[in-house]
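S.K.: In case you want the letters, here they are:
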Amino acid sequence: MSDRGVLSTFDWRKPRIRGTAAVVHAILLVLLFIAGLGPMLWLAKAAITPTQDTLRHPLALWPNGVDLANLATAWTRVQIDKYFLNTVWIAAGSWFAQVLVATTAGFALSVLRPRYRKALSGVVLATLFVPAVVLLVPLYLTVVDMSMVNTFWAVWLPAGANAFNILLVQRFFDNLPREVFEAARVDGAGPFRLFRSVVLPMSRPILGVVSVFAVIAAWKDFLWPMLVLPDPAVQPLSVRLPALQRFIELDVFLAALAISTVIPVALFLAFQRLFLNGGALSGAVKG
Amino acid sequence: MLPAAAPPPAAPARRRTRRSPVSWVRGGGLGTLVFLLPMLVVFGLFSWSPIVQAVVMSFQETNLVTAPTFVGLDNFRAVLDDPLLWTAVKNTLWFAVLALLLGYPVPLLAAVLMSEVRRFKGLYSALAYLPVVIPPVVAVLLWKFFYDASPTGVFNTVLGAVGIGPVPWLQDAGTAMVSLVIEATWAAAGGTIIIYLAALTSVPPELYEAAEIDGASVWGKVWHVTIPQLRGVLLITFILQIVGTAQVFLEPFLFTGGGPANATTTVLLLIYDYAFANSLGGDYGSATALSLMLAAVLAVLSAIYFRLTRSWSTS
Amino acid sequence: MRSSKSIAVLAVATATAAALAACSGGGGAESADGRTLVNVSLDPGLEQGAIDAFNTRVSQFEAANPTIDLVPREYKWDATTFTTQLAGGTLPDVFTVPFTDGRGLIERKQIADISGQVAELPYAKSFNEKVAQAGSAADGRMWAVPIAAHGQALHYNRTLFTQAGLDPDKPPTTWEEIRSAAKQISERTGQAGYAMMTSGNTGGWIATTMDYAFGGRTEKLDGDNAKSTVDTPEMVKALQTVRAMRWDDNSMGSNFLYEWGTINQDFAAGRIGMYVSGGGNYGSLVAQNAMKADDYGVTALPLSGGANAGVLGGGTLAAVSAKAPDKVKAAAVKWIDFYYLEKLTNQDAAVADAKSTADSGQAVGSPELPVFDKASFDQRLGWIQQYVNVPLKQMAPYTDKMFDQPLVPEPTRSTQQVYALLDPVVQSVLTDRNADVTALLNGAQTQAQALLDKK
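Going down the list, the protein sequences come from chains A, B and C. Residue 209 in the UniProt record's numbering sits at position 209 of the first sequence, and the numbers go up by one each step. Residue 253 in the UniProt record's numbering sits at position 253 of the second sequence, and the numbers go up by one each step. Residue 245 in the UniProt record's numbering sits at position 245 of the third sequence, and the numbers go up by one each step.
If you are wondering where the hints come from, they were derived from the structure by calculation, not from laboratory data. All figures in this text were calculated on a predicted structure; none of them were measured in a lab. Hints may be right or wrong, so weigh each one.
Unchecked claim - Below, computed lysine-lysine pairings styled on BS3-like, alpha-carbon distance capped at 27 Å:
id, chain 1, residue 1, chain 2, residue 2
1, C, 292, B, 144
2, A, 45, B, 90
3, C, 76, A, 220
4, C, 292, A, 45
5, A, 14, B, 121
6, C, 76, B, 144
7, A, 82, B, 144
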């Protein structure tokens, strides 16, 4: 634990270094501001600007007035609420599938330790070395075979087959003090109670990590839901927006993009620490 | 509950004794199986069997219309004979190289600088992380508009103000891929920065102090202490980036559809085209054959890389 | 032990839920009240008025057919997603495909055989012969019903014409005039004088249109054999024409990755002076892109001398999903009759359709080619006359000539695949000043021939 980085307290006392650092940090802040916030501010502006103004003078601020109707049109014509809800459903189901599979499997492999545990872990972990692209076609045909196309199951269940999660949870359980399990067993707890009352409560930190991964992955996924959810009624926003881009006027479309951005950004600002810690955690775990 | 259930550490002693099904159930074997069930079902249906299927299909001519027939290595031959394959391989490599040139140093530099910030540190990281929060599809669609190649496009207006351009961006074989990489870097940098920032806090201050005693300059400290200390994380992000860029799809698919003139057709886009974009019925055999070849290349790449880094880190 | 049981239930639930989901998928079911459920296609991204008009027709149909429950499903044929939908069995029960795909789908039995039901329709025998072929099997039985036919036309923006000092009532009649008008528009207004689709097989589509207009053809049929003739002097001339506009005049704007939707969007937004697309495009421009009527003009595609020069004609077929059970098939044909065809053949239906379309602010009277004969076509125009709300006068340069131009159907073998091969050729010409047209076409022809030989 330290309060210092590359620069020492001594360095900070040198005016030259101090001045350079101030300038560099100011430049950095401006650049971050442009890169991080710039596109969003522009989008917010464009969302309430008529098409022609956006096309002719993209950087001018409302040369011919504001067109608030864009937002309402976007909402009704794109039905953002519906597609956002679909996105949430898909993320929630994928999250649940991943947590369920990872915790039960991790528990069985690490705590219950059946005799075939080594072989089984091996087969699971081997899938880590198969890039997702190999699965694309056969997995699609599987889903078609099972008539799961156009149902959320087509996204949820394959999401559960995530060996990385199992690896994480299994390692975490391996490091839990075994005496606790023994004590519980002596108290007469069977595997189910052991799981529910002892292991699950202890695994909050790792569940947090798995959850962050799961939700972010579901949120970002595009190709898979596009393939298995061709019916717009069940599509998430990420699949719906590109399809609409070709058919609706630019101002309305930009308004739709803006609305779709506001929701996650608001969530981010509200739970900033969680996101940033989660992001850092993902690095720590992967590293 | 059976209190007799032996604690796991004792298991090896019992390994040789044969158990009847009844004692297996009593010993908790059934309970274990119940816990394994979700994994077995999900992995069986959606991971193991598709992997096997991929291998089988790569030797078949199959399109869901006519019954599959085994065609030996024909699919592999057809893919290797496709002039587009080499274009796609070249494009994917080009994307990877560009992404490394841009996407690797930028977040690192930003993170090292940000770690020295003393006031409003949270503001810096929040700003850096914002692009990651925007749904990737929204980001691509927005940037597609920014990349409007006319003089009144967003970027061209900005550049025009300083006398540059208009740049053709996505509309030219030479600049299209660079444009894709710039957006991809913008979208991903925040996440990498946060990872580096976390790693930077774990650099032991004693190392800096030792370097200072040796009279190291600020840059000397960065070069000889910070970077080597981040080696582990840098290695991981490097591998992740290679594996990620080899499977890039979203950007070329949404920005250019592989154009202009196939300048941004990547290997994954080609796989998608084989399987899903052919209006005569998908060529699933060629698609799986190509994806297996890509997987093999990725495996070889990471093996070579691991070997290299191992010898490097032990020396 | 209650809790442990509940977890066990939860674990098993994953498996059973999957099995349950397996039963719920697919089309062609019955609705809760026992009515036959039919999924019908609705264009994506419509203005509210267009959706209302569609829903009105749906309720009229359901009132007349109380045993059928229609469920509108958004769908539009798209070269890059159609196969996935076909293979995945996720197409609506009634869907549309371009003429180019009809034969192939029928040969591979990928659509339902509705020829029995179609034969019973009162007008079954009066389809225009050429049009009927697109939806018929080799033995002449009709599996897919032609619902619209069009020829390619040159669409132009009258406002940009005026701004550029051109007379919007005298649109170009030769490719030379197109070139000079394009140059004038881009010089005086800063917008693209002429633009061209290049992506998602549309590059090949428009290149073939131009090839036809210069007197070329892209395939030669000889019995069962087909020879690709993509690399011909006519195609070279077509591409050189575009090349000159792009690189000598710089009059083609700055977007060279257009496809059908995006070029319509930019045209409606006033960023494009002229482009080539189907003659009946105005309806979509209004329904999807809020096109302003005053801006719109359309004229006949200039044909460049030669007896062979012709207008590429295409059209749309309505087909029924191969998975549909008999009951759904029958209901589907009823809907095809009601929604797509009755308005062409029956006075009351024509008037009702035109009225509800016009009432919702959508276009009535966009130029089309007859699916049946010219007489019934004219008769229908008479029925709906009072509801026509499109700027007829602005369409006159096209409608005055469209019946006199020789109409040539699209190539028949692997049409979309050959189009797809031509996309990068067109994109090269537009994005690479030094593109070698002959070499590109030569390469495309070799690949096209390989496709044609496969059959």
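S.K.: For every hint, state whether the structure bears it out.
M.R.: Hints versus structure:
For the given pair, residue 292 (chain C) sits about 25 Å from residue 144 (chain B) by alpha-carbon distance, which is consistent with the 27 Å threshold. Straight-line distance between C-alpha atoms of residue 45 (chain A) and residue 90 (chain B) comes to about 39 Å, which puts the hinted pair past the 27 Å bound. The hinted pair formed by residue 76 (chain C) and residue 220 (chain A) meets the criterion: a straight-line CA distance of about 25 Å does not exceed 27 Å. Pair hint residue 292 (chain C) plus residue 45 (chain A) holds up; C-alpha atoms about 24 Å apart against a cutoff of 27 Å.
Between residue 14 (chain A) and residue 121 (chain B) the alpha-carbon distance is near 21 Å, which keeps this suggested pair within the 27 Å criterion. Of the supplied pair hints, the one linking residue 76 (chain C) and residue 144 (chain B) holds, its CA atoms being roughly 23 Å apart against a limit of 27 Å. Among the hinted pairs, residue 82 (chain A) with residue 144 (chain B) is consistent with the structure: their alpha-carbon atoms are about 25 Å apart, no more than 27 Å.
Hint 2 from the list above is the single one not met by this structure.
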